[in-house]
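In terms of this note's numbering, the numbers along the sequence shown are unbroken and rise by one, the last being 1006.
It is possible that some hints are incorrect.
[To be verified] Lysine-lysine pairs mimicking PhoX-like chemistry, simulated, CA-CA at most 25 Å apart:
1) Lys854 x Lys785
2) Lys785 x Lys850
3) Lys850 x Lys783
4) Lys854 x Lys783
[Unchecked claim] Pair ranges (Cβ atoms, derived):
5) Glu867 x Gly810: 48 to 54 Å
6) Arg860 x Leu835: 35 to 41 Å
7) Lys783 x Met812: 21 to 27 Å
8) Leu786 x Leu920: 28 to 34 Å
9) Ile842 x Phe909: 21 to 27 Å
10) Ala827 x Arg946: 41 to 47 Å
11) Ile834 x Thr862: 39 to 45 Å
12) Leu943 x Lys785: 28 to 34 Å
By construction, these hints were calculated from the structure, which means they are not laboratory data.
Even glycine gets a Cβ: it sits at the ideal position worked out from N, Cα and C.
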Amino acid sequence: MKYFLKNKLLFFLLIIVFIINATTSPLSLYFAGKMVQTYVFFNSQIVDQATSNLNIILFFVTLSINTASILSKRYLKIILLRRCTFNLREDVSKGISRISLKKLGEKLELNSLYTNNIEQVYNSYFNEFTNFIFYSLLFISSLVVVSIIWIHLLWISMIIVTLGFLVNRLSKKYTEKGYLLEQKSESEYVSNASKSFNSYKTFWLANNRSFFVQYLSRIFSIFQKKKYH
778 MKYFLKNKLL FFLLIIVFII NATTSPLSLY FAGKMVQTYV FFNSQIVDQA TSNLNIILFF
838 VTLSINTASI LSKRYLKIIL LRRCTFNLRE DVSKGISRIS LKKLGEKLEL NSLYTNNIEQ
898 VYNSYFNEFT NFIFYSLLFI SSLVVVSIIW IHLLWISMII VTLGFLVNRL SKKYTEKGYL
958 LEQKSESEYV SNASKSFNSY KTFWLANNRS FFVQYLSRIF SIFQKKKYH
């Protein structure tokens, strides 16, 4: 949390964008339902024309704000991630620099450990925290907005939020599994490539060593023949 608070402006801007996105999402669904109700079920005969036009305008306004908030949310998350990663890198580097030179091997090992796990820090902590904030705000705003507009849409909003949460959890589960499989395949590839290189290197040295030994032996034998003749 301290890395988010080190970038207070970005963090609070992201929270504001979360609130806007969470508020405009149920509003967009509501005005979309009003449009469908007007032009599909009633065929625009019972509803007042001014009201239907207002519903159309409000739908596109809320949809535009929602789309802009989604794009801003992604952009701010990327920027905030980079800032937090930079701050984390500085703290880790300061901690490693305090290690004495006698523990240089451990220092290099810590550097390697940090490098290998920085993506895991991003995937586990940052995403979990931001997703928790967003879905909490979405759930609360859906309850408030839908309860004010129409109480009968409350259970529909809860179903949508629940389904969105479940889809996010399932997609994250398979994404993490794919990421682990990718890491495993990359490590196996590097290991196999290293073994192949070492075996080729050993084979090359053995063959060339025997070649050089034979070559030197032949030169020595020729030299011996010339010496005694």
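Going down the list of hints, with the structure as the test:
For the hint linking Lys854 to Lys785, the alpha-carbon distance of about 13 Å falls within 25 Å, and the restraint holds. About 15 Å separates the Cα atoms of Lys785 and Lys850, which keeps this hinted pair within 25 Å; it holds. About 19 Å separates the Cα atoms of Lys850 and Lys783, which keeps this hinted pair within 25 Å; it holds. A threshold of 25 Å between alpha carbons decides the hint, and for Lys854 with Lys783 the separation of about 15 Å falls inside it, so the pair holds.
For the pair Glu867 and Gly810, the supplied restraint of 48 to 54 Å holds, since their beta-carbon distance comes to about 50 Å. The given range of 35 to 41 Å is respected by Arg860 and Leu835, whose C-beta atoms sit roughly 36 Å from each other. The given range of 21 to 27 Å is broken by Lys783 and Met812, whose C-beta atoms sit roughly 45 Å from each other. Evaluation of the 28 to 34 Å hint for Leu786 and Leu920 yields a pass: the beta carbon distance comes to about 29 Å.
Evaluation of the 21 to 27 Å hint for Ile842 and Phe909 yields a pass: the beta carbon distance comes to about 23 Å. In this structure the supplied range 41 to 47 Å holds for Ala827 paired with Arg946, their Cβ-Cβ distance being about 44 Å. Between Ile834 and Thr862 the C-beta distance comes to about 42 Å, which sits within the given range of 39 to 45 Å. Range check, Leu943 to Lys785: about 33 Å between beta-carbon atoms, so the 28 to 34 Å window is met.
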